[in-house]
Amino acid sequence: MTPALPAGALAAANEISIVLLAMNGDDTAYGELVRRRQGAVRNLLRRLTREPSLADDLAQQAFVHGWLSIRSLTSPGAFGGWLRKIAVNFWLQHARSGRREVALDEDLRAEHPLSAVSRQLDLDAALAQLPLDVRVCIVLAYNEGLTHGEISQTTSIPLGTVKSHITRGSARLRELLHAYGDTHVQ
Amino acid sequence: MSNEIDDRLLALFAEAHETLPGAEFMQAFLGKMERARRGQNLRRIALLVALGVLSAWIMPSVLATTATVVNAVGEQSQSFGLLIISPAGWAVSMLIGFLVLLRAGALRRR
Numbered sequence: 001m002t003p004a005l006p007a008g009a010l011a012a013a014n015e016i017s018i019v020l021l022a023m024n025g026d027d028t029a030y031g032e033l034v035r036r037r038q039g040a041v042r043n044l045l046r047r048l049t050r051e052p053s054l055a056d057d058l059a060q061q062a063f064v065h066g067w068l069s070i071r072s073l074t075s076p077g078a079f080g081g082w083l084r085k086i087a088v089n090f091w092l093q094h095a096r097s098g099r100r101e102v103a104l105d106e107d108l109r110a111e112h113p114l115s116a117v118s119r120q121l122d123l124d125a126a127l128a129q130l131p132l133d134v135r136v137c138i139v140l141a142y143n144e145g146l147t148h149g150e151i152s153q154t155t156s157i158p159l160g161t162v163k164s165h166i167t168r169g170s171a172r173l174r175e176l177l178h179a180y181g182d183t184h185v186q
Numbered sequence: 001m002s003n004e005i006d007d008r009l010l011a012l013f014a015e016a017h018e019t020l021p022g023a024e025f026m027q028a029f030l031g032k033m034e035r036a037r038r039g040q041n042l043r044r045i046a047l048l049v050a051l052g053v054l055s056a057w058i059m060p061s062v063l064a065t066t067a068t069v070v071n072a073v074g075e076q077s078q079s080f081g082l083l084i085i086s087p088a089g090w091a092v093s094m095l096i097g098f099l100v101l102l103r104a105g106a107l108r109r110r
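Chains as they are written, first to last, in the numbering used here: chain A, 1 to 186; chain B, 1 to 110.
Isolated chain B (complex conformation) (with noise of 0.2 angstroms):
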């Protein structure tokens, strides 16, 4: 507490504080509550719905987009095949290993 503070001014709001009864209060407190609670509930529910209807109304694009991934990759990893079998991915691949192996110490001398 302040030590500013009028002892008069004091004892005037300790004497204007009541006892409160508190029943009646509280039924009204409870009332909101539930109708707090149901708006609660219905926010959630058109959340849900709004998110429902966004998911059906973007889903065909999406798809459609995850399509167009998927066959790029399929082409881009056929040409990678072909290309592992020629002269150059041989020797590309020939060359992989030995520096996977002389990395793992395999063609030093015991």
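Chain A with its partners taken away, still in its complex shape (with noise of 0.2 angstroms):
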């Protein structure tokens, strides 16, 4: 058993060592990898789902499975990418399950036309018109930023098909933005 490190120290230690405890069973360890992933997670989720409460909710349920499961991690390096694929699957289990997603709130986009809440809320309405498979390798790619490799190996989409759905996402996704009005992508 590795042996616990004081709050402060956790606070400057790199992740790597941090996951290293946590796969050793300390909580405090895994607590800080909450603390600086949360965002990260919260905002992918929120890009996914459009509902800040439900995004949140999945975020939690996918930082308590990580909790309950970090033994089965492979390797301390991977732990970004294995959070991001537990996370992305507690969405798709949510969204395959037929759960209602909540509709766009006009008054909000109304009161800031040309706000960047505005074209935020533009990005997730209009995401939220693309097929669940599309909308999650476009999120992947532009919001965290991976390869089409790296969105077949979380997605367990075949790697052809994320190419096509990224192709034809982002064409889908300049055209719905447009027609929201956004004049940054036209």
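If you are wondering where the hints come from, they were derived from the structure by calculation, not from laboratory data.
Computed from a predicted model, the values in this text were never measured in an experiment.
A few of these clues could be false.
To be verified - Using C-beta positions, here's what the derived DEER-type ranges look like: (1) A/69 <-> B/57: 30 to 38 angstroms; (2) A/77 <-> B/68: 56 to 64 angstroms; (3) B/39 <-> A/74: 24 to 32 angstroms.
For every residue, glycine included, the Cβ atom is placed at its ideal position computed from N, Cα and C.
Both chains are sitting in their own frames, so use the hints and assemble them into the complex.
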């Protein structure tokens, strides 16, 4: 068993050391990993779900699942990708179970017609128009910066299909954003 | 990063990225983690109880089978003892002893 580090040392430690501690059952170390990764995972799920509260709920479920199964992680350096895969799978399970998605908040968009909030709402609304598999490929490519191969590994979608989803999804997304009146994407 | 990425869409995604306050999220996460921990402990206790009940249930038949096997082995070893002290047993024992000496080279001339 690796000895636990004090909280101050944890905050300054590199992620691989913290993952190793968490893999050895140190819950404080796992908490530090959650603190560091929560923003990225929540942003990813917000692009996929359009609903902040649902995104946070799924992110919490993903982190709890990660805590329960961190001993199955093969390499500490793979923690980020492993966690992302868990989060995407939680969203896919949720989305495929046929639960509703929230309607676009038209009032909020009307209040801020040219603001960043409006563009974010437009982006999320446009993403919601895409089929699930296309949406996850697009979000992983643009939001997470993953390559086609990494997206294929994360989602278990064949590589050729990923490429096709990204090409067609990007074109569709541009059309939809143009329809929403976003002058940035025309 | 793939080279088929649209820079304008990339900029839009970057703009949509928010810096989210973590305190409330962490509090909710720690609550769920605690519930998961309690659930894990309850499952472990339930497993131990189930194993205890199963052991108590099958133990009489395990003990009865063990006793039967021990009895059978005891009876077999009794008849084996009688076999050893019979003339045929003596002959076989002598033969085995001779073979052992032969193999060890004790009967070879120096």
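A quick look at each hint next to the structure:
1. A/69 <-> B/57: 30 to 38 angstroms: holds (33 angstroms)
2. A/77 <-> B/68: 56 to 64 angstroms: The hinted range 56 to 64 angstroms holds for residue 77 of chain A and residue 68 of chain B, with Cβ atoms some 58 angstroms apart.
3. B/39 <-> A/74: 24 to 32 angstroms: holds (26 angstroms)
Going down the numbered hints, you'll see the structure goes against none, and every one checks out.
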